[in-house]
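**Student:** What follows is each chain in one-letter form.
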Amino acid sequence: MTYEFLQNYWWFLVALLGGLLVALMFVQGANIHLVNHRLDDVQKRMVLNSTGRKWELTFTTLVTFGGAFFASFPLFYSTSFGGAYWVWVLLLVTFVFQAVSYEFQNKKGNLLGVKGFRIALFANGVLAPFLVGTAVGTFFTGSPFTVDKAAIANPASPVISTWQSPWHGLEALGQGHAVLLGLTVVFLAVILGALYILNNVDDHDVRRQMRGTLKIVAVPFLLFFVAWFVILMLKDGFSVGTDGVVSMEPYKYLQNLLHQWWLSALFVAGLLLVLAGLYIGVFTKLRRGFWFAFPGTVLVVMTVFFLAGFNGTAYYPSLTDLQSSLTIRNSSSSYFTLKVMSWVSLLIPFVVAYIAFAWRAMDHRKITREEIEKTRHKY
Amino acid sequence: MDTIFWSRLQFAVTAAYHWLFVPLTLGLAFVMAIMETLYVVKKDDFWKKTAQFWIKVFAINFAVGIATGIILEFEFGTNWSNYSWFVGDMFGAPLAIEGILAFFMEATFFAVMFFGWNKVSKRFHLASTWLTGIGATISAYWILVANGWMQNPVGTTFNPDTVRSEMASAQAFWEVVSNPVAVSKFFHSVTSGWVTGGVFVVAVSGWYLLKGREKDFARKSMLIGAIVGLVGTGAVMLSGDSSGVHAAKYQPMKLAAAEGLRDGGPRAPFSIVPGVEVPGMLSILATHDLDGVVPGINDILNGYTDNEGKVVPPVAEKMARGREALDALAVYRELRESDPDSAAVARAVLDENVEYMGYGHLEKPEDVIPPVPVVFWAFRLMIGLGMLMALLLLLALWFAWKDKLEKKNWFYIAALCCIPLVFLCGQCGWIVAEVGRQPWTIQGLLPVNVAISSLSAGAVKTTFFLFLAIFALFLVIEIRIMLGAIKKGPQITEG
Chain Z
1 MTYEFLQNYW
11 WFLVALLGGL
21 LVALMFVQGA
31 NIHLVNHRLD
41 DVQKRMVLNS
51 TGRKWELTFT
61 TLVTFGGAFF
71 ASFPLFYSTS
81 FGGAYWVWVL
91 LLVTFVFQAV
101 SYEFQNKKGN
111 LLGVKGFRIA
121 LFANGVLAPF
131 LVGTAVGTFF
141 TGSPFTVDKA
151 AIANPASPVI
161 STWQSPWHGL
171 EALGQGHAVL
181 LGLTVVFLAV
191 ILGALYILNN
201 VDDHDVRRQM
211 RGTLKIVAVP
221 FLLFFVAWFV
231 ILMLKDGFSV
241 GTDGVVSMEP
251 YKYLQNLLHQ
261 WWLSALFVAG
271 LLLVLAGLYI
281 GVFTKLRRGF
291 WFAFPGTVLV
301 VMTVFFLAGF
311 NGTAYYPSLT
321 DLQSSLTIRN
331 SSSSYFTLKV
341 MSWVSLLIPF
351 VVAYIAFAWR
361 AMDHRKITRE
371 EIEKTRHKY
Chain W
1 MDTIFWSRLQ
11 FAVTAAYHWL
21 FVPLTLGLAF
31 VMAIMETLYV
41 VKKDDFWKKT
51 AQFWIKVFAI
61 NFAVGIATGI
71 ILEFEFGTNW
81 SNYSWFVGDM
91 FGAPLAIEGI
101 LAFFMEATFF
111 AVMFFGWNKV
121 SKRFHLASTW
131 LTGIGATISA
141 YWILVANGWM
151 QNPVGTTFNP
161 DTVRSEMASA
171 QAFWEVVSNP
181 VAVSKFFHSV
191 TSGWVTGGVF
201 VVAVSGWYLL
211 KGREKDFARK
221 SMLIGAIVGL
231 VGTGAVMLSG
241 DSSGVHAAKY
251 QPMKLAAAEG
261 LRDGGPRAPF
271 SIVPGVEVPG
281 MLSILATHDL
291 DGVVPGINDI
301 LNGYTDNEGK
311 VVPPVAEKMA
321 RGREALDALA
331 VYRELRESDP
341 DSAAVARAVL
351 DENVEYMGYG
361 HLEKPEDVIP
371 PVPVVFWAFR
381 LMIGLGMLMA
391 LLLLLALWFA
401 WKDKLEKKNW
411 FYIAALCCIP
421 LVFLCGQCGW
431 IVAEVGRQPW
441 TIQGLLPVNV
451 AISSLSAGAV
461 KTTFFLFLAI
471 FALFLVIEIR
481 IMLGAIKKGP
491 QITEG
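Heads up: the protein sequence lines correspond to chains Z and W, in order. Following my numbering, the numbering of the first sequence begins with 1 at its first residue and continues without gaps. Following my numbering, the numbering of the second sequence begins with 1 at its first residue and continues without gaps.
Below 35 Å or equal to it, Euclidean Cα-Cα: the simulated DSBU-like pairs (lysine-lysine) are:
id	chain 1	residue 1	chain 2	residue 2
1	Z	108	W	407
2	W	119	Z	44
3	Z	378	W	43
4	W	42	Z	366
5	Z	115	W	119
6	W	48	Z	366
7	Z	235	Z	215
8	Z	108	W	220
9	Z	378	W	211
Computed spacing ranges between beta-carbons, pair by pair:
id	chain 1	residue 1	chain 2	residue 2	range
10	W	476	Z	3	48 to 56 Å
11	W	476	Z	370	31 to 39 Å
12	W	72	Z	259	39 to 47 Å
13	W	476	Z	342	39 to 47 Å
Sample of chain W residues lacking proximity to chain Z, with all beta carbon distances greater than 12 Å (derived):
id	residue
14	137
15	219
16	263
17	275
18	345
19	443
Bear in mind the hints are in silico, worked out from the structure with no lab data behind them. For glycine and all other residues, C-beta sits at the position ideal for the given N, C-alpha and C.
Let the hints inform the model, and build the full structure from the sequences given.
**Tutor:** Here's what the structure looks like:
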C-alpha cells in the first residue's frame, strides 16, 4: 500500500462518514415537527420516540466523523476547529442540548418544561444541518487562514494555524455559495425526516402530514441544490499541481466531474435515488421512499467530498494565502498511522451489520398511538 | 487572565464534569447487567423489575455523559489547535478506533436496552444490556490509551518536515496500545467506576430501608452493589500500586509533587499528612525496593542518577538543549530547500537535542513543578476517601449477606453521605493525574503554552461561562429527575 493510496482511502472513508452523517440527519429533519401545531401531543411523542431510537446513531456518526477527520487529516482538525471557533461551538451546543432533550423532555422537574426541550430539538434540527452544510460549502469557497508549521519554533507566537477573520467562522455566513449548501442540507434533512416518519410511524394523520411536508419542501430543496450545483460547475476551483503549488483554475469542479467518469456515475445514481425517494413519498401510497433517499444522500454527499479533494484539488482552501490551503496530501497523518487505521477500518462492515440487525429487530413493528399511550419504556 | 488560563480552565471543568457521569455509567452498567442475567436465569419477575429500575437510573445519567463527551472531543480542536496537529498522528488513531469500535456499540444497544423490552427476545435484550456496558468499557480503554500516551509518550518520533510527533513504525502502534501507563490507567479508572456504581446502589438502597420501603429490593440491590463495588475496590488498589510505580518511572515530578517530596533519594519516606511519615515506605511503594531512588523536586531540578544508573540532567541543561533544538528546527525549515548541506547540519543538531525540545519552550526551570499543594492534598483525599468507601462496601456486604439490615439507620445515613464523597474521590484521582502532569500537555514534549489555538482570551472566556451555565443547568435537572425516579421507586409489590 502506497502513502497516496492510504490518503485516498481515508478521504474516501471521511466522505463515507460525511455522507452517513448527512443522511442520518433525518433525525434532525423529523424533529422539526415537534413544533408543528397540526400534530397533537401524542403524535409529537410518536415522532419523538421514533427519532429517539435513532438519534444516538446520528450523534455517534458525528463523533466518529470528527474522530476520523482528526485521525486521518489532523491539520484540518487543528485549522478549522481552532479557527472557525464559533461555528463549531454553536454546532456543539445544539448537539449537547439534543443529547439530553430526549431523556429529560417528559420528566417532572426538568426546569425547562416539555416546550423548552422541544425547542432545543427544533433548534438542533435546523442549525445542525445548516452549519454542517455551510462548513462543507466552504470547501469550495475558501476560508481566511494561514498555516505556518515553522511557527512552533517561535516562542512569541507558536500557533501553526491562525484564522485571519475576527469572526472566527461566522464570516462563512457572508459567502452566498456556502450558505446555499447549508440551506440545501436543511431541506434535505426535512425531506429525509418526513420519509423516515412516513416509514416508521403507523398513524394515518401523521403520514398524511408528512406527505404534505414533502410537497412543500421539495421545491426549495431542488431550487437551492440546483443553484449551488450550477454555480459550483461554473466557478473557478482550487487546483494543486504535482509540485504541491495551489492555483486557481477555471471550471475546476466541472472538470473534476467530467474527468472522473465514476464520479459522474456516483453523482447521477445518488441524485436519482434521492429523487425516487421524493417521488415515492409525494406521488405514491408506498412508504419505502426513505430507503431510496437515504443511500442516495450518502452517494451525493460522497461525490461532493470527492469533488473537493480528489483530482489534484485543495479541499480546504485558504483565501488569505493560497499556499496554506489544505490538500489530502499535505494535511494527512503519517503512513504508519493511516496503515494501522486502515486495518481497523475493516471492522466497519461488521459494525454496519449489527446496526442493521438491531434496527430491523426494533423497527419490525411500527410505532403506533397505542404503544405510546400504553408503554412505560418511552421518552 | 490569558487564553492559556481560560483554555485550561474550560478543558479542566469539562473533563471533571464528564467524569461525574462516566464512573456511574461504568459501574451501574454491570450492576444492572448482573440483575438482568438473574432475571433470565431464574425467570423471576422480581429481577426484571429490579433491573428495569436501575436501567432507568442509568439512562438519566447516561444522557449527560454523552452530551459532555462530545464537548471534550471538539475542544481538542477548538481550544488546543497546536496540540491537535502535534499529536493527531498518535492520538487520532485511538480516538477513531473508539468511535468505530465502542461508540456505535453503546449507541445501538442502548436503544435496544431502553426500548426493546417488548420488541426483542429476552436473550437479545440481555445481550444488549451487557453490550451497552461493554461498549462503555471499551470506549474507556481507547480514550485512556490516548491519555496514557500524554503521560508516557511511547512509540513516537519527531518529524521536522511535518513538525509533529509521528508513529515511528506499524509496531509502534502496539507500543501505544499496550503502553503500561494506559493499561493501569484503564483498570484504575474503570474499576473506580465500579466502586462509584457500587456505593451509589448501596446508598440508594439504604435510603429505601431508611424509609421502610421496598425492603427485599433494597437488600438484594445492596448485596449486588456491594459485590461489584468490592471487586472494583480490589482492582483499584492493585492498579493504584502499578500507577505509582509508573509515575516514579515516567513522571517522577508528578510523584514528587503528590508526596510533597522536596529532597528524595533511597529509602524515601511516605508522607501520610505533613509531619507524619513512614520511613522508607515511598521507596517500597514506588520502586518495590527499600533502597530504590525516588527523586524529590529539588533532585529533578538539579539533576540526579535514576535507578537504572542513567544520569538525568538538570532542568536548566534540558532547557538549553531544548532551545538549541528549536533554533536548529527553525534553521532546518528555512534552508531545507535552498541549502541542503546547511540544513543537514541543523538537522544533526536537532536530532541530538530533540529529546528535550519541549523544554525549550519553558521560561525558567521552576516551570516544571506542578502546583504542589493541589496535587499533594488531592492524592491524600483520594486515598483516604477510597479507604472509607472500601469500609462502607464491606459493611454493606456483611449486613446484606447476613440479613442484618434492620434498624441500621446510622448505616443508611452514612451510606447516603458517601454519595458525594465517592464522586469527590474520583475527581481527586483525575486532579492528581492531570494537574500533576503540568506544565505539560504531553509529558516532556509539549507544554500547555505551546498547545493552544490562536484565539482571544475573551472568546474562550465567553465559551467557558457558556459551558459552565449549561453544566450547572444539566446537573440541577439531572439531580431533580433522578431524585424523582428514586422517590417513585421500582414499585415492586412486597411478597
